[in-house]
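S.K.: These are the residues of each chain, in order.
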Amino acid sequence: MPDKPKIALYWCASCGGCDEAVVDLAEGVLTLTDAVDIAFWPVALDGKRSDVENLADGGLLATLINGAVRNSEQEEMAHLLRAKSQYIIAFGACAHLGGIPGLANLYSSQDILSAAFNDSPTTEPDAVLPRTNTLDEMHALGLPEFRETVKTLDQVIAVDYYIPGCPPSRKVVSEALRALVSGELPDRGTVLAPNIALCEECPRKESKPEKLSLESLHRTYGIEIDPEKCLLAQGIVCLGMGTRAGCDAACIRGNMPCTGCFGPSDRVRDQGAKLLSALASSLSATETEAIDLALAELPDEVGTFYRYSLPGSLLQRALVHSK
Amino acid sequence: MPNGQEDATTVFEPRIVAFFCNWCTYLASDLAGSSRMKYPPNSCVIRLMCSGRVDPQFILNAFAHGADGVLIGGCHPGDCHYREGNYKALRRFRLLRRMLVKMGIEEERVRLEWISAAEADRVRDVIREMVGKIRELGPLKLDLVPKAEMTKAEELIHA
Ligand code: SF4
Ligand code: SF4
Ligand code: SF4
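Residue numbers (this note's numbering), protein chains in the order written: chain A, 41 to 363; chain B, 450 to 608.
Rather than coming from a laboratory, the hints here were simulated on the basis of the structure. No experiment lies behind these values; they were computed from the predicted model shown. Worth double-checking, as some hints may not be accurate.
[Unchecked claim] Using 25 Å as the maximum straight-line C-alpha spacing, the simulated DMTMM-like pairs for lysine to aspartate or glutamate come out as follows: (1) B:K596 / A:E116; (2) B:K601 / A:E115; (3) A:K245 / A:E337; (4) A:K251 / B:D528; (5) B:K601 / A:E329; (6) A:K44 / B:D528; (7) A:K248 / B:E533; (8) B:K601 / A:D340; (9) B:K551 / A:E116; (10) B:K551 / A:E268; (11) B:K551 / A:E93; (12) B:K596 / A:D306; (13) B:K551 / A:D227; (14) B:K590 / A:D332; (15) B:K596 / A:E188; (16) B:K601 / A:D227; (17) B:K551 / A:D332; (18) B:K551 / A:E337; (19) B:K551 / A:D340; (20) B:K596 / A:E327; (21) B:K596 / A:D227.
Assemble the whole structure, with the sequences as input and the hints as a guide.
M.R.: Structure, rendered in structure tokens:
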């Protein structure tokens, strides 16, 4: 019997939720391990970087990498895994578009380090910042370099496929793994989830009016949410219109609005701009003051529209002007 | 170039992408041209059928491709050929500009103006003003990371 193909799973700047999403396949993991050997998976299995280095180039069928790329070690591992893998799959919103850690692109790396090591109430004001090289009498200690900007995986290495979501739903993960193992992969660069808007698969879509004309917006804690009716029609910022389907409207089923974690469908280049556009279009105000008043309930524009996609957006990050 | 003398070619020339509505501002800019009005040559005009057609992605894309400023010109309130396209443009503009400011892009770099077909002088004045403001601000220095390409070696593995 020929050897089973090998795969690897790796994490970069991630929360661990994406690895958990693989574990959550439950008995599906067994089906997976029937078909492939997992050669490297730091979260779940003991392993060393040298295990990967010792593999032949292209010796892995695929590596699923989750997390955004923030430091030099993650870059090195990404390049190493690229060399060893026939397919690189960006797994989850962080690898796909930058994800939540990508919101750090609103600040400079210096601001972030100072906030964490100097300015927080529990740190000494003159605390030592992490540095890449430290020498004491006997040891040379190294730390990865903290980069200025958070990157998506495909800004670091070529990516073959994307599995979207924060974390990806069981449905899209199982379907992607099935395609991978059976060799029935679509065109390179495809996002492995339905290429339609979430509203299309939402159980409340019948109650979404053709044309919205909202007078005001509400935050979820501000009103009692009708559990049947389209959330956007209730004035709640639900981002299903600019978000790819594939989660089976998980948040809406929990009576919470979609925050956009599956990224955009193929028709949209910049999810945040599209969401902003759709939301502004849904308002009824026609005069500047009334528009600004309606938008007052939306204080965090970047965090709302680019919650998962700032590094992958057209502008990628904020311009930080030196103070 | 003699010492201390400003080289004319080093003066920063802002690049402004101007999205003009077919029914009003575009006609006004045409009129400005045919009336031989003088204004700085820094704008690149893109004609759209309506200011309501300006997808915020167009604006970000202009910045991502080197624009230092973006101007949107539409019909005065009440005069939109499609009745409410300009109101939609206004709502998107208010929200987009607020967001851009939080991303460190100065608000002077994006501007929405209502300019009717007869207001050629307004086109001239707005572009003059915008060029002046953006010249003070300096170039928009985005430092964009391109998508990674496959290396030759990786292509071989992949094939
Ligand atoms: S995509 Fe979400 S679940 Fe996955 S690592 Fe990022 S934050 Fe965690
Ligand atoms: S806006 Fe939200 S609640 Fe309404 S149909 Fe779309 S996903 Fe469903
Ligand atoms: S509803 Fe939206 S935010 Fe929630 S899981 Fe689905 S795509 Fe993600």
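S.K.: If you test the structure against every hint from before, which numbers come out violated?
M.R.: Those not satisfied are hints 5, 6, 8, 9, 10, 11, 13, 14 and 20.
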